[in-house]
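Engineer: Below are the chains, spelled out letter by letter.
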Amino acid sequence: KQEVTQIPAALSVPEGENLVLNCSFTDSAIYNLQWFRQDPGKGLTSLLLIQSSQREQTSGRLNASLDKSSGRSTLYIAASQPGDSATYLCAVAAFSGSARQLTFGSGTQLTVLP
Amino acid sequence: GAVVSQHPSWVICKSGTSVKIECRSLDFQATTMFWYRQFPKQSLMLMATSNEGSKATYEQGVEKDKFLINHASLTLSTLTVTSAHPEDSSFYICSAKRQGLNTDTQYFGPGTRLTVL
Numbered sequence: 001k002q003e004v005t006q007i008p009a010a011l012s013v014p015e016g017e018n019l020v021l022n023c024s025f026t027d028s029a030i031y032n033l034q035w036f037r038q039d040p041g042k043g044l045t046s047l048l049l050i051q052s053s054q055r056e057q058t059s060g061r062l063n064a065s066l067d068k069s070s071g072r073s074t075l076y077i078a079a080s081q082p083g084d085s086a087t088y089l090c091a092v093a094a095f096s097g098s099a100r101q102l103t104f105g106s107g108t109q110l111t112v113l114p
Numbered sequence: 001g002a003v004v005s006q007h008p009s010w011v012i013c014k015s016g017t018s019v020k021i022e023c024r025s026l027d028f029q030a031t032t033m034f035w036y037r038q039f040p041k042q043s044l045m046l047m048a049t050s051n052e053g054s055k056a057t058y059e060q061g062v063e064k065d066k067f068l069i070n071h072a073s074l075t076l077s078t079l080t081v082t083s084a085h086p087e088d089s090s091f092y093i094c095s096a097k098r099q100g101l102n103t104d105t106q107y108f109g110p111g112t113r114l115t116v117l
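Line by line, the protein sequences give chains A and B. Residues in the first sequence are numbered consecutively from 1, following this note's numbering. Residues in the second sequence are numbered consecutively from 1, following this note's numbering.
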């Protein structure tokens with residue numbers, strides 16, 4: 001059974017810092033990996049999706065990397081802003097069937113202090 | 001595009017009552033919808049996979065008779081929590097896969113906060 005772990009559980013940084021969020025998964029046979037953002041009491045916003053054949057994806061100040069063989073992914077946030085404060089979730093998609101089921105990590109709660 | 005809505009956004013009910021939550025894909029057709037549950041400070045846990053016109057597939061440990069799922073059309077799936085109890089209080093989130101596109105992207109709804117008194 002796939003297990004996804006995110007470290008740290010919570011992180012607080014001053015505005016402007018670059019930071020890295022970590023995600024690890026136990027079964028490397030994944031289809032893709034996604035990073036999501038969740039604001040308190042809200043749904044999920046997809047940030048980046050990395051296919052299993054890719055090593056990284058970039059969007060603006062965000063860069064996500066994937067090392068499938070070691071079961072790790074990182075989300076790099078450059079020049080953090082208070083508006084980046086949220087919980088960041090990573091999720092891996094399994095190969096099973098046509099409906100790719102997502103297994104989520106428990107998230108990293110990020111606070112960017114002004 | 002690819003907007004998913006949920007209704008209601010929050011609901012408070014008495015123990016023993018049933019609550020229906022709707023998940024709609026507003027601008028696309030979804031052959032598959034997923035229902036997740038999220039307890040405070042925890043991650044999303046998949047409850048069931050709902051395919052249009054067929055029975056839902058439930059994850060291990062999820063009672064299908066308690067959490068009734070109906071995916072009657074390509075734009076609507078409903079989750080009914082029957083005889084709700086306080087331990088069912090949670091944040092319920094649905095997601096939808098777009099029909100016809102060779103993509104595995106799931107579009108998530110904004111969630112429904114259920115509080116059972």
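Quick caveat, the hints were computed from the structure, so don't treat them as lab data. Some hints here could point you the wrong way.
[Stated by the list, open to error] No farther apart than 20 angstroms at their CA atoms in a straight line, the calculated lysine-lysine pairs in the PhoX-like style are these:
#1 B:Lys66 to A:Lys42
#2 B:Lys66 to B:Lys20
#3 B:Lys66 to B:Lys55
#4 B:Lys14 to B:Lys55
#5 A:Lys68 to A:Lys1
#6 B:Lys55 to A:Lys42
Engineer: It remains to establish, for every hint, whether it holds in the given structure.
Structural biologist: Evaluation of the provided hints:
no., hint, in the structure
1, B:Lys66 to A:Lys42, "violated (25 angstroms)"
2, B:Lys66 to B:Lys20, "holds (12 angstroms)"
3, B:Lys66 to B:Lys55, "holds (14 angstroms)"
4, B:Lys14 to B:Lys55, "violated (28 angstroms)"
5, A:Lys68 to A:Lys1, "holds (16 angstroms)"
6, B:Lys55 to A:Lys42, "violated (28 angstroms)"
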